[in-house]
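Residue numbers (this note's numbering), protein chains in the order written: chain A, 1 to 340; chain B, 1 to 340; chain C, 1 to 340; chain D, 1 to 340.
Be careful, since some hints might not be right.
Copies of the same chain are indistinguishable here, so a pair counts whether it falls within one copy or spans any two.
To be verified - Computed cross-link-like contacts, PhoX-like style, restricted to lysine-lysine with a CA-CA straight-line distance of at most 25 Å:
1) LYS153 x LYS93
2) LYS79 x LYS34
3) LYS93 x LYS128
4) LYS55 x LYS79
5) LYS55 x LYS93
6) LYS55 x LYS27
7) LYS185 x LYS55
8) LYS27 x LYS147
Since the hints were made in silico from the structure, they are not lab data. Just so it is clear, the structure is predicted and the values come from calculations on it, not from any experiment.
The residues making up each chain are set out below.
4 protein chains.
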Amino acid sequence: MAIGGILDGFPSGFEIDFEQLNLFLSKRKPGQSKLVTQRKEDDQVEFLSGIFEGKTTGTPIAFIIRNEDAKSKDYSHNKDVYRPSHADFTYDKKYGIRDYRGGGRSSARETVARVVAGGLAQQFLAAKGIQMQAFVDQVGSIRMPWKDQHESKLCYSETDIEASLVRCPDLDYSAKMQTLIEETKKNGDSIGGCIACKIVHVPVGLGEPVFDKLPAELGKAMLSINAVKGIEFGEGFGAVEMNGSEHNDTFDSDGNPTSNNAAGTLGGISNGQPIYFRVAFKPVATIVKEQNTIDAEGNATTIAGKGRHDACVVPRAVPIVEAMSALVLLDFYLIQNAYS
Amino acid sequence: MAIGGILDGFPSGFEIDFEQLNLFLSKRKPGQSKLVTQRKEDDQVEFLSGIFEGKTTGTPIAFIIRNEDAKSKDYSHNKDVYRPSHADFTYDKKYGIRDYRGGGRSSARETVARVVAGGLAQQFLAAKGIQMQAFVDQVGSIRMPWKDQHESKLCYSETDIEASLVRCPDLDYSAKMQTLIEETKKNGDSIGGCIACKIVHVPVGLGEPVFDKLPAELGKAMLSINAVKGIEFGEGFGAVEMNGSEHNDTFDSDGNPTSNNAAGTLGGISNGQPIYFRVAFKPVATIVKEQNTIDAEGNATTIAGKGRHDACVVPRAVPIVEAMSALVLLDFYLIQNAYS
Amino acid sequence: MAIGGILDGFPSGFEIDFEQLNLFLSKRKPGQSKLVTQRKEDDQVEFLSGIFEGKTTGTPIAFIIRNEDAKSKDYSHNKDVYRPSHADFTYDKKYGIRDYRGGGRSSARETVARVVAGGLAQQFLAAKGIQMQAFVDQVGSIRMPWKDQHESKLCYSETDIEASLVRCPDLDYSAKMQTLIEETKKNGDSIGGCIACKIVHVPVGLGEPVFDKLPAELGKAMLSINAVKGIEFGEGFGAVEMNGSEHNDTFDSDGNPTSNNAAGTLGGISNGQPIYFRVAFKPVATIVKEQNTIDAEGNATTIAGKGRHDACVVPRAVPIVEAMSALVLLDFYLIQNAYS
Amino acid sequence: MAIGGILDGFPSGFEIDFEQLNLFLSKRKPGQSKLVTQRKEDDQVEFLSGIFEGKTTGTPIAFIIRNEDAKSKDYSHNKDVYRPSHADFTYDKKYGIRDYRGGGRSSARETVARVVAGGLAQQFLAAKGIQMQAFVDQVGSIRMPWKDQHESKLCYSETDIEASLVRCPDLDYSAKMQTLIEETKKNGDSIGGCIACKIVHVPVGLGEPVFDKLPAELGKAMLSINAVKGIEFGEGFGAVEMNGSEHNDTFDSDGNPTSNNAAGTLGGISNGQPIYFRVAFKPVATIVKEQNTIDAEGNATTIAGKGRHDACVVPRAVPIVEAMSALVLLDFYLIQNAYS
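Please construct the entire structure, taking both the sequences and the accompanying hints into account.
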């Protein structure tokens with residue numbers, strides 16, 4: 001068994017940096033630090049098509065990642081039970097059949113395919129000057145104040161982010177978040193978190209009016225990630241409390257915007273200013289604490305996670321948010337290019 | 001000139017309740033109360049195809065709404081200026097040409113087509129037992145506590161909602177919101193708001209795994225509405241602060257869920273429980289207060305709205321949120337039906 | 001009632017030549033010559049969006065053509081009868097309801113929308129140097145030998161084609177075809193025909209490998225036209241009888257192809273040589289001769305056309321073939337441009 | 001390296017008959033008889049997802065077929081030359097890069113993925129009573145007269161077809177075709193052919209009006225197969241020479257159609273009668289005879305095939321025609337089911 005994907009429409013002649021791609025993949029990988037699940041997933045990507053002598057050929061890029069130890073593992077304990085707040089129940093009802101091994105297709109493991117495809121998209125966009133950066137800005141109620149959202153540059157260095165096991169670039173907040181996650185883990189519980197993302201140097205004009213607005217597609221992309229329960233652009237839910245005179249981005253006498261509360265889009269179309277948004281992740285459903293649930297026959301039973309699960313998913317979800325952003329941006333970049 | 005749309009794939013043989021549709025449309029209409037813009041838009045829908053003797057024929061339903069007084073109106077003051085936080089700038093840059101009359105296609109007037117199409121979808125879903133209800137739960141910092149989100153029924157009566165000019169079913173909160181809007185208007189300013197929406201009796205199994213999850217499509221639909229800056233499902237951004245043991249929905253000994261923090265979907269697929277979410281609207285960009293901006297040549301200038309604009313958009317956006325929900329649900333309903 | 005369409009994705013800033021568009025539309029119009037139906041259709045196009053001060057704005061181009069006399073006409077004779085070889089039966093079974101007025105949506109009248117949209121696409125392509133020309137090369141068993149298919153130019157002048165009521169540029173063959181159509185009409189019958197089409201100066205690289213090959217999309221476009229029963233590219237069914245050594249297009253010592261049996265595509269992608277193909281139209285189903293049929297209750301009855309129908313559809317279908325070609329080409333042109 | 005595909009939207013809970021699938025695949029395989037190329041391709045399908053314990057799960061069915069000996073083979077002779085009537089030239093120009101190994105993605109080898117996916121679709125449709133049968137009815141100018149096209153049953157037995165190396169069910173014609181192919185091969189040349197296909201017991205109502213007519217999608221599917229240059233439904237190009245009174249399908253007094261010249265669709269929608277069509281294949285481009293061509297620098301050179309290629313492709317293309325038919329039919333079957 002394997003997981004994989006097909007990335008169609010990728011421009012031809014682009015030289016892939018495989019080392020960088022593997023680095024990107026490693027951020028999602030289990031077992032990367034003491035803070036995340038110690039489950040082993042090797043995540044060795046095999047490209048089956050679309051790349052020739054290190055360059056993309058313009059034809060679909062197919063790739064697979066084998067589940068090395070899936071066969072040997074025992075998933076029979078999942079067979080007859082619906083784990084609370086998992087997709088076991090809905091898959092069973094929708095399809096009348098369920099591949100119970102490791103959660104099957106509803107497993108967060110599917111995000112590895114997003115990171116491969118998005119990693120390639122990100123490399124292409126970077127070559128065009130478009131950069132994106134995600135990081136953890138909240139775990140539980142510990143929220144890091146963000147700085148320089150309105151500036152046309154990435155706010156933090158890669159080193160700052162990677163220096164933190166939580167992937168929070170402010171080391172003080174990172175330390176508090178780490179403590180909270182470790183305590184939560186000790187309690188056999190889990191905790192939610194938020195990932196912030198900023199995209200800079202986006203050309204003016206990306207996004208389609210009405211239904212396929214740029215924030216609409218970014219929102220769909222984020223809400224398609226497991227455990228995501230919300231997204232807000234710019235001031236987001238905070239904008240609700242603001243007046244128009246305060247929220248509007250006016251121009252100074254040199255024609256430069258004095259603020260970027262619009263968060264980089266107007267009417268759904270990029271305006272050249274940075275795009276930034278926050279994504280809310282609920283606490284991981286699988287916990288070590290025993291919980292009440294039902295089996296496939298509807299009988300009451302209890303279930304408890306085996307202990308190798310993440311107590312907080314956001315540190316490992318950072319590359320997923322970047323990957324999905326890159327996939328959306330590259331689509332719009334190419335669409336807009338069709339008219340250039 | 002006119003606005004309109006084509007609704008393709010609507011089931012045949014369905015009898016349209018035109019009176020109900022007009023009622024639905026009237027909720028979005030300007031000039032409906034002293035609280036909203038007094039601009040006149042007649043919103044008379046003309047159906048051009050897809051309906052025969054009052055029933056849908058299964059072929060595309062095309063409709064137009066004429067802009068009765070568009071020609072006579074003078075929009076030349078918009079011609080050479082980029083209104084702050086409007087799409088004037090991005091449309092001009094994306095297309096190199098801009099229909100400046102009333103904001104053209106980026107005007108909130110395009111939402112009338114959403115309400116027509118969504119109104120038809122809503123009627124069809126209602127005949128299948130699926131109901132949805134949106135209302136205002138926040139204006140500025142005044143937020144109405146919501147009740148009974150987890151219950152499998154609509155929380156408020158239509159009468160409660162329509163009794164409020166703000167479309168907030170709690171009359172105490174409604175009064176406070178109304179006062180805030182009126183004061184904001186007096187100041188020549190605008191204010192943001194939130195719309196809550198609940199969908200009940202959704203069959204189990206709607207939504208597609210991975211990219212086209214039900215919340216992902218609902219999120220895209222909401223973020224495609226003008227002025228929307230965020231969406232959250234269930235506890236949303238509040239879930240970030242919760243523990244898994246608290247957020248998980250466990251089952252009681254009768255096999256019934258004891259809570260619905262999942263807000264009606266698991267793994268992106270409806271689980272039969274109510275779906276509920278909140279949508280954040282930024283304050284309206286057009287305000288009477290004078291603001292600094294630039295003209296199309298990049299020269300500094302000032303601009304001020306003419307006073308017929310909404311000080312708060314959410315009361316009129318309630319049917320839009322319902323309409324977009326209905327369109328998403330009907331798509332998934334038909335897709336799932338293909339496999340029944 | 002009206003017919004119309006929406007053309008989405010058309011490039012912005014393009015100046016429409018409305019006179020040329022009306023000329024193009026007039027070729028499809030009934031009543032244009034003694035050879036075709038004398039039914040009156042005014043075909044006055046009204047553009048509702050997407051065009052501003054004569055130029056495209058980049059947003060969807062919506063247009064309608066009113067059926068001026070549809071209401072006054074009496075279609076009740078069609079209500080309870082299934083006309084042989086018409087879509088009455090299949091529409092009734094598929095949708096359970098049928099708009100019997102003039103054949104409703106299965107009426108050949110829907111092709112007017114194709115001609116409007118395709119006419120715009122054709123103008124845009126012409127500005128890029130891509131030209132297309134369709135003409136009648138067969139009526140019944142009278143087939144005009146084609147010349148210069150392999151040459152990189154249009155084969156006939158517009159004047160030659162329009163000098164013929166049949167739209168066959170060889171006047172000898174045209175005369176014979178005209179006589180055959182007139183005799184067929186006198187007999188209360190109808191006759192089939194073929195339309196040839198050639199597209200020149202197509203850039204290399206249009207078309208997508210595997211499923212969305214350029215000939216595949218052109219074939220789909222042609223087979224979507226009412227009454228079309230076949231399409232062949234290049235030698236087509238004649239190629240079946242050829243050897244590879246004869247059919248292959250070799251290169252001369254200057255690197256130029258010595259033939260164009262491939263008809264302008266290799267592996268589904270344009271190679272810069274002319275694309276040419278033939279489209280087979282069955283005889284019109286509505287004839288004056290009385291025919292056996294059944295009514296909606298399944299009872300035997302007879303039916304006879306009222307005499308205002310075309311005895312041969314191909315002269316009026318010439319602009320439809322060009323229009324559909326233009327729509328396919330413009331799509332691929334823009335897709336390819338995304339990667340330039 | 002590998003070839004493969006993803007079949008999304010396949011209904012869940014369907015038990016795959018892998019033995020039958022392998023049998024179906026073996027019909028496309030090289031080396032199956034002395035008449036076709038002796039190249040070895042093992043075509044061992046590995047399913048990576050979407051099937052669990054022998055049944056489909058409703059999630060995407062991903063599969064790959066490894067190219068066992070691709071690495072060891074030497075394709076460097078293809079590197080710098082454009083084979084006449086191959087896609088080498090167009091791929092190079094479109095993408096600026098070309099995977100020259102075995103023709104890369106433009107290789108007819110890609111059809112194996114179509115046969116796998118189509119084979120699964122065919123099994124599902126068969127369980128619903130919908131059957132399809134393709135066979136060779138023409139090689140060069142030898143054309144077998146077809147019988148019983150209008151009857152609601154498959155015309156030949158599987159045994160009749162498989163008894164012929166050419167897959168022509170009439171043994172006299174088969175023998176003549178075989179001789180022609182063998183002689184052509186001896187001459188180092190290739191020859192074209194036609195495949196006929198009939199689909200029976202199609203429910204009434206499949207196909208969408210206007211652009212996505214059933215014959216339009218079938219036509220696109222066929223024209224997407226390598227080497228196909230034409231398709232005709234029913235009488236096809238022969239219908240051009242017929243009168244309406246002759247071509248129309250009238251009903252007898254019992255309400256049954258007396259003929260099926262419409263070939264199973266009216267207005268693009270299936271009418272319950274058999275669908276039948278013919279597909280024209282040009283002669284294979286790769287021949288042993290030396291031909292003039294150019295290299296990538298545009299210099300004149302010559303090229304000659306290595307002798308392991310098919311002299312006539314149609315015997316091996318029979319399952320491809322069935323597979324593509326099945327994929328189109330299953331799509332429309334599910335779409336129509338959405339409205340049932």
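Cross-check of the supplied hints:
Proximity of LYS153 and LYS93 under a CA criterion of 25 Å is satisfied inter-copy only: 22 Å between copies versus 47 Å inside one chain copy. Taking the closest pair of Cα atoms, LYS79 and LYS34 never come within 25 Å of each other, the shortest separation being 30 Å inside a single copy and 50 Å across copies. Taking the closest pair of Cα atoms, LYS93 and LYS128 come within 25 Å of each other only across two copies (19 Å); inside a single copy the shortest separation is 45 Å, beyond that limit. Within a single copy, LYS55 and LYS79 get their C-alpha atoms only as close as 43 Å, which misses the 25 Å cut-off; across copies the closest is 16 Å, which meets it.
In this homomeric assembly, LYS55 and LYS93 come within 25 Å of each other (Cα to Cα) only across copies, at 16 Å, whereas the closest approach inside a single copy is 44 Å. For the identical chains of this complex, LYS55 and LYS27 are intra-copy neighbours only, at 24 Å inside a copy versus 35 Å across copies, given an alpha-carbon limit of 25 Å. Taking the closest pair of Cα atoms, LYS185 and LYS55 never come within 25 Å of each other, the shortest separation being 44 Å inside a single copy and 39 Å across copies. Taking the shortest Cα distances, LYS27 and LYS147 sit within 25 Å of each other inside one copy (24 Å), while across copies they are farther apart (41 Å).
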